[in-house]
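**Q** Protein sequence lines correspond, in order, to chains A and B. Following UniProt numbering, the residues of the first sequence are numbered contiguously, the last one being 373. Following UniProt numbering, the residues of the second sequence are numbered contiguously, the last one being 373.
To be clear, the hints were calculated from the coordinates, so they are not data collected in a lab. We put the beta carbon where it would ideally sit given N, CA and C, even for glycine. Worth double-checking, as some hints may not be accurate.
Stated by the list, open to error - Here are the simulated BS3-like cross-link-like pairs (lysine-lysine), alpha carbons at most 27 Å apart as the crow flies:
#1 79(A) <-> 281(B)
#2 118(A) <-> 17(A)
#3 79(B) <-> 95(B)
#4 208(B) <-> 258(B)
#5 113(A) <-> 258(B)
#6 281(A) <-> 158(A)
#7 289(A) <-> 95(B)
#8 91(A) <-> 16(A)
#9 272(A) <-> 144(A)
#10 289(B) <-> 272(B)
#11 281(A) <-> 272(B)
#12 79(A) <-> 113(B)
Claimed, not checked - Chain A residues, not near chain B, derived (Cβ > 10 Å throughout):
#13 104
#14 106
#15 137
#16 175
#17 367
Unchecked claim - With the Cβ distance kept under 7 Å, some of the chain A side facing chain B (calculated, not the full set):
#18 109
#19 122
#20 123
There are 2 protein chains.
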Amino acid sequence: MNYFTHRRNSLLRDLKKDNLDALLITQPVNVTYLTGFMGDSSYFVLTAKHAILVSDDRFSQQVREECPDLEVHIRPHNKTTPEAAGEVLTKLGAKAVGVEADHMTMALAEAFKEYAPKSTLAPVRGAVEALRALKDASEVEAIKAAIRVAERAFVMFKSTLRETETERDMVAAVENFVRRAGGDCTAFPPIVAVGERGALPHAPPTTKPLNDGSKLLVDWGAVLNGYRSDLTRTLKSPFEIAPTRRNKSERVGYNFEKIHDIVLKAQDAAIKTVREGVPAKDVDAAARKVITDAGYGEYFTHGLGHGIGLETHEAPRVRQNSTDTLESGMVITIEPGIYIPGWGGVRIEDDVLVRRDGGLVLSNLPRDWATGM
Amino acid sequence: MNYFTHRRNSLLRDLKKDNLDALLITQPVNVTYLTGFMGDSSYFVLTAKHAILVSDDRFSQQVREECPDLEVHIRPHNKTTPEAAGEVLTKLGAKAVGVEADHMTMALAEAFKEYAPKSTLAPVRGAVEALRALKDASEVEAIKAAIRVAERAFVMFKSTLRETETERDMVAAVENFVRRAGGDCTAFPPIVAVGERGALPHAPPTTKPLNDGSKLLVDWGAVLNGYRSDLTRTLKSPFEIAPTRRNKSERVGYNFEKIHDIVLKAQDAAIKTVREGVPAKDVDAAARKVITDAGYGEYFTHGLGHGIGLETHEAPRVRQNSTDTLESGMVITIEPGIYIPGWGGVRIEDDVLVRRDGGLVLSNLPRDWATGM
Chain A
1 MNYFTHRRNS LLRDLKKDNL DALLITQPVN VTYLTGFMGD SSYFVLTAKH
51 AILVSDDRFS QQVREECPDL EVHIRPHNKT TPEAAGEVLT KLGAKAVGVE
101 ADHMTMALAE AFKEYAPKST LAPVRGAVEA LRALKDASEV EAIKAAIRVA
151 ERAFVMFKST LRETETERDM VAAVENFVRR AGGDCTAFPP IVAVGERGAL
201 PHAPPTTKPL NDGSKLLVDW GAVLNGYRSD LTRTLKSPFE IAPTRRNKSE
251 RVGYNFEKIH DIVLKAQDAA IKTVREGVPA KDVDAAARKV ITDAGYGEYF
301 THGLGHGIGL ETHEAPRVRQ NSTDTLESGM VITIEPGIYI PGWGGVRIED
351 DVLVRRDGGL VLSNLPRDWA TGM
Chain B
1 MNYFTHRRNS LLRDLKKDNL DALLITQPVN VTYLTGFMGD SSYFVLTAKH
51 AILVSDDRFS QQVREECPDL EVHIRPHNKT TPEAAGEVLT KLGAKAVGVE
101 ADHMTMALAE AFKEYAPKST LAPVRGAVEA LRALKDASEV EAIKAAIRVA
151 ERAFVMFKST LRETETERDM VAAVENFVRR AGGDCTAFPP IVAVGERGAL
201 PHAPPTTKPL NDGSKLLVDW GAVLNGYRSD LTRTLKSPFE IAPTRRNKSE
251 RVGYNFEKIH DIVLKAQDAA IKTVREGVPA KDVDAAARKV ITDAGYGEYF
301 THGLGHGIGL ETHEAPRVRQ NSTDTLESGM VITIEPGIYI PGWGGVRIED
351 DVLVRRDGGL VLSNLPRDWA TGM
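Please model the entire structure based on the sequences and the hints provided.
**A** Put into structure tokens, the structure is as follows:
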């Protein structure tokens, strides 16, 4: 039984439990997860007896190649995908139809009254997302491959840096190296922050050049075959800078090496906490304790991490108020940070597989502040 | 009165007409359109007396800079944006609240029963989208600037092409040149198709090299300050290729220059049809007639174009079954194509402003098949 069949069978158990005749999957990534189809603009209908992809003729060949075991309904040009899905549901005689309540809009739900007049939509929340949180072996390999791409891209980036490059130049360089390293694209617009701009956890890139700051924060990721990676390194600026220049815009009084070391220790403490059965908020707490004990608690202004897979942010939530519990097979980011307005920030982020007996760090990139490679 | 105030006042007239106490705008691009705020994760609440951005403290400074005339509600860390928006609505005493039915999910609508228990949500469709379809002077300038970036990127791309580059290499090059030309990023993953792969209107890039085909289709766009461009050029492959190699995988029997000329004439015919008051489907029909009369009607397999602005695809729809009518201020793509399986495809796309007395082509890039520049 292949991975996709296994996933659909897991979902079918939910379906039966909830007395649903069919599930209508509309969230594109969830369609991919359940079918292997990598295109878009398509819906997936699952019943006890049928697994039907509703697509259009742009994808006819791709569907045959990517999911040969599925039934396929290619919509005619004069119908929309929702209309075609409605017809499929009607033809199947599906009365109670589970729909993805976190994706189905009010307008679309209303339209289905016309497209599938004999069906009643039942909102379902997080069913596919809960399956997706637990990665199977093929997914762990896919995430590792996306991490390898990101790591190669970073080595290229780091080894070709010029001191006159601006944050915008460097974002372009990271993006380009992710493709050159074999990635399909970046997982999100890379964050590259020079000097005190690192104090903004999501700094948009400016024309500030590398040699205008004494540190460099880079948060980047790659997509490969649908799966994603997400890493962050903070470096001491790789170039010698005259002291008068270095602190032009950076408030003095904080020691980079010391703060980097605290963040590193916080990450290590969090990683050591990772294990099946541990509440996700305890992992956040482990990192937060190190940073708070060092006197920087107020400067760690975001949650510790998040699940990663087909989406950059997915279940579980790894933060203070999370109610999620770690389970074997989850892959999460662990990314503590210290952000000091006017001085800058340090964040270190790696991707970690949750196992029964502990966490396995999937990323291999050194966390050294001098080289990051 | 600035553009944003003007837009909000237009929307307030809808609000009054529909007897709504407030509008809750959740679609990120619509929030940007009505406020000038370029960040994300924020909602906008509009009443006759209040214009309130609901955001979080990552964006405090950005909100002050980008929309100084707005009231701002910064949510506390322990509340989500929907929860905070619910509190704002409750505090305002808003009973009938219009929500964006094409963006509000079933789950979120359900959650608002708790977050804003005294409010009743009324689904509103396309209100902001209808305003956005008619560009004001600032938006036409912004789109032109995004077009200029895309054009500069294409000139860079074209002048640095190497015959051994693969489709994947060329996608990376286009992406990089869009940034180098000053763009914030690409408007969508560029399409680069060599030889017979041009027959797929949305060909994903492969490792097929440029010198493995006699033609090259490039569909790309840039984002600058939120606004987008979308262009396509199809070139005769810029390198001399030995005849034995050229047609390795391309079915012979079709003449590139002739087909390019038909598509060009189809585009010209469509552009000439553009004018305020013309049904959008007539513009599609004008292009389709040229292609059909030349005997290639079955190979023009998609609609002629779409509105463009803050999103790559927005109102109006310019296709066979469109019920939209062109209005002065709309900006649309006009992109006829001929796609012959096994041979390849030709598409030419430009961005056109609708005016009272005709269409104004905003893009300046030559449509020559030999150079495209």
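**Q** Does each hint fit the structure? Answer for all of them.
**A** Against the structure, the hints:
{"no.": "1", "hint": "79(A) <-> 281(B)", "result": "holds (17 Å)"}
{"no.": "2", "hint": "118(A) <-> 17(A)", "result": "holds (21 Å)"}
{"no.": "3", "hint": "79(B) <-> 95(B)", "result": "holds (22 Å)"}
{"no.": "4", "hint": "208(B) <-> 258(B)", "result": "holds (25 Å)"}
{"no.": "5", "hint": "113(A) <-> 258(B)", "result": "violated (49 Å)"}
{"no.": "6", "hint": "281(A) <-> 158(A)", "result": "violated (34 Å)"}
{"no.": "7", "hint": "289(A) <-> 95(B)", "result": "violated (45 Å)"}
{"no.": "8", "hint": "91(A) <-> 16(A)", "result": "holds (20 Å)"}
{"no.": "9", "hint": "272(A) <-> 144(A)", "result": "holds (20 Å)"}
{"no.": "10", "hint": "289(B) <-> 272(B)", "result": "holds (13 Å)"}
{"no.": "11", "hint": "281(A) <-> 272(B)", "result": "violated (62 Å)"}
{"no.": "12", "hint": "79(A) <-> 113(B)", "result": "violated (34 Å)"}
{"no.": "13", "hint": "104", "result": "violated (5 Å)"}
{"no.": "14", "hint": "106", "result": "violated (4 Å)"}
{"no.": "15", "hint": "137", "result": "holds (26 Å)"}
{"no.": "16", "hint": "175", "result": "violated (6 Å)"}
{"no.": "17", "hint": "367", "result": "holds (25 Å)"}
{"no.": "18", "hint": "109", "result": "holds (6 Å)"}
{"no.": "19", "hint": "122", "result": "violated (10 Å)"}
{"no.": "20", "hint": "123", "result": "holds (5 Å)"}
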